[in-house]
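> Start from the sequences and build out the full structure, keeping to the hints where you can.
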Amino acid sequence: EAQVTQNPRYLITVTGKKLTVTCSQNMNHEYMSWYRQDPGLGLRQIYYSMNVEVTDKGDVPEGYKVSRKEKRNFPLILESPSPNQTSLYFCASREGAGANVLTFGAGSRLTVL
Amino acid sequence: GNSVTQMEGPVTLSEEAFLTINCTYTATGYPSLFWYVQYPGEGLQLLLKATKADDKGSNKGFEATYRKETTSFHLEKGSVQVSDSAVYFCARGSYDKVIFGPGTSLSVIP
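Residue numbers (my numbering), protein chains in the order written: chain A, 927 to 1039; chain B, 174 to 283.
A hint or two may mislead.
[Stated by the list, open to error] Keeping only pairs whose Cα atoms sit at most 30 Å apart, straight-line, the calculated DSSO-like set for lysine-lysine is: (1) B:270 - B:229; (2) B:233 - A:983; (3) B:270 - A:983; (4) B:225 - B:241; (5) A:943 - A:991; (6) B:250 - B:233; (7) B:225 - B:250; (8) A:944 - A:991; (9) A:995 - A:944; (10) B:270 - B:250; (11) A:995 - A:943; (12) A:997 - B:229; (13) A:991 - B:270; (14) B:229 - B:241; (15) A:983 - A:943; (16) B:270 - A:995; (17) B:233 - A:944; (18) B:250 - B:229; (19) A:997 - A:944; (20) B:225 - A:983; (21) A:983 - A:997.
Keep in mind the hints are simulated off the structure, nothing from the lab.
Okay, structure coming up:
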């Protein structure tokens, strides 16, 4: 089944404790992206990647890092999480062109205390 | 810059009512336009899309027409069902970014 898999689905952590949210897709998509969803703000793009070893900042990249060493994986790293990073995170992927549809993961709900 | 604006919710309708959710976008280039739907506790999934002016996307009784002259992509359904209760996101896609509107929450009551 074609899918985007995120882990963990739920996480409660404390300020400053580094964490990684993994994202993997099995569709050989070039493009991958991370979004955060907050009430009243919709989805905001954190980082995206057009292909392996190519990453770029989205609209809200502060406090996050990403890497794209392999085509299928696009982990989101919070080096020193803070409470304002409490949110619902979505990873998504698509084939290269802008007309193509994003396939989303099921989401990762992160709480930073 | 590029942006997507959609009507604020929440929207509450009775079953079989007519639905319109307005969406407008900034007209930089010729983006593709999408409606995504998010059911409770799930990720977003595509509802419909249109890739050029005057295209009409349709799915599950929902329709939206790409209107270049008014930079709009309004979502419509003639008769909503309780199962349509969800959050609806309008989005514009380009080669590097997909920009989403803030989402409109729809509740359909029997």
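> Confirm or reject each hint.
Comparing the hints with the structure gives:
Between residue 270 (chain B) and residue 229 (chain B), the direct Cα distance comes to roughly 22 Å. Compliance with the 30 Å bound is thereby established for this hinted pair. Annotation: proposed proximity of residue 233 (chain B) to residue 983 (chain A) is violated, straight-line Cα distance about 35 Å (limit 30 Å). Among the hinted pairs, residue 270 (chain B) with residue 983 (chain A) is consistent with the structure: their alpha-carbon atoms are about 10 Å apart, no more than 30 Å. Note on residue 225 (chain B) and residue 241 (chain B): the hinted pairing holds, with a Cα-Cα distance of about 8 Å set against a maximum of 30 Å.
Of the pairs offered as hints, the one joining residue 943 (chain A) and residue 991 (chain A) holds, with about 14 Å between alpha carbons and a cut-off of 30 Å not exceeded. Among the hinted pairs, residue 250 (chain B) with residue 233 (chain B) is consistent with the structure: their alpha-carbon atoms are about 9 Å apart, no more than 30 Å. Taking the CA atoms of residue 225 (chain B) and residue 250 (chain B), the gap is about 21 Å. The hint holds against a cut of 30 Å. Restraint check: the Cα-Cα separation between residue 944 (chain A) and residue 991 (chain A) comes to about 11 Å, which is no more than 30 Å; the hinted pair holds.
The suggested pairing of residue 995 (chain A) with residue 944 (chain A) holds, with an alpha-carbon distance near 20 Å, which does not exceed 30 Å. Note on residue 270 (chain B) and residue 250 (chain B): the hinted pairing holds, with a Cα-Cα distance of about 28 Å set against a maximum of 30 Å. Annotation: proposed proximity of residue 995 (chain A) to residue 943 (chain A) holds, straight-line Cα distance about 24 Å (limit 30 Å). Between the alpha carbons of residue 997 (chain A) and residue 229 (chain B) the distance comes to roughly 33 Å, so the proposed pair goes past 30 Å and is violated.
Our distance criterion of 30 Å between C-alpha atoms is met by residue 991 (chain A) and residue 270 (chain B), whose separation comes to about 18 Å. The hinted pair formed by residue 229 (chain B) and residue 241 (chain B) meets the criterion: a straight-line CA distance of about 12 Å does not exceed 30 Å. Straight-line distance between C-alpha atoms of residue 983 (chain A) and residue 943 (chain A) comes to about 23 Å, which keeps the hinted pair within the 30 Å bound. A hinted pair counts as satisfied when its Cα atoms are at most 30 Å apart, and residue 270 (chain B) with residue 995 (chain A) qualifies at roughly 20 Å.
Taking the CA atoms of residue 233 (chain B) and residue 944 (chain A), the gap is near 43 Å; set against the 30 Å cutoff, the hint is violated. This hinted pair checks out: residue 250 (chain B) and residue 229 (chain B) have alpha carbons roughly 13 Å apart, not beyond 30 Å. Between residue 997 (chain A) and residue 944 (chain A), the direct Cα distance comes to roughly 24 Å. Compliance with the 30 Å bound is thereby established for this hinted pair. The straight-line distance between the Cα atoms of residue 225 (chain B) and residue 983 (chain A) is roughly 27 Å, inside the 30 Å bound, and the hint therefore holds.
For the suggested pair residue 983 (chain A) and residue 997 (chain A), the alpha carbons sit about 18 Å apart, so the restraint of at most 30 Å is met.
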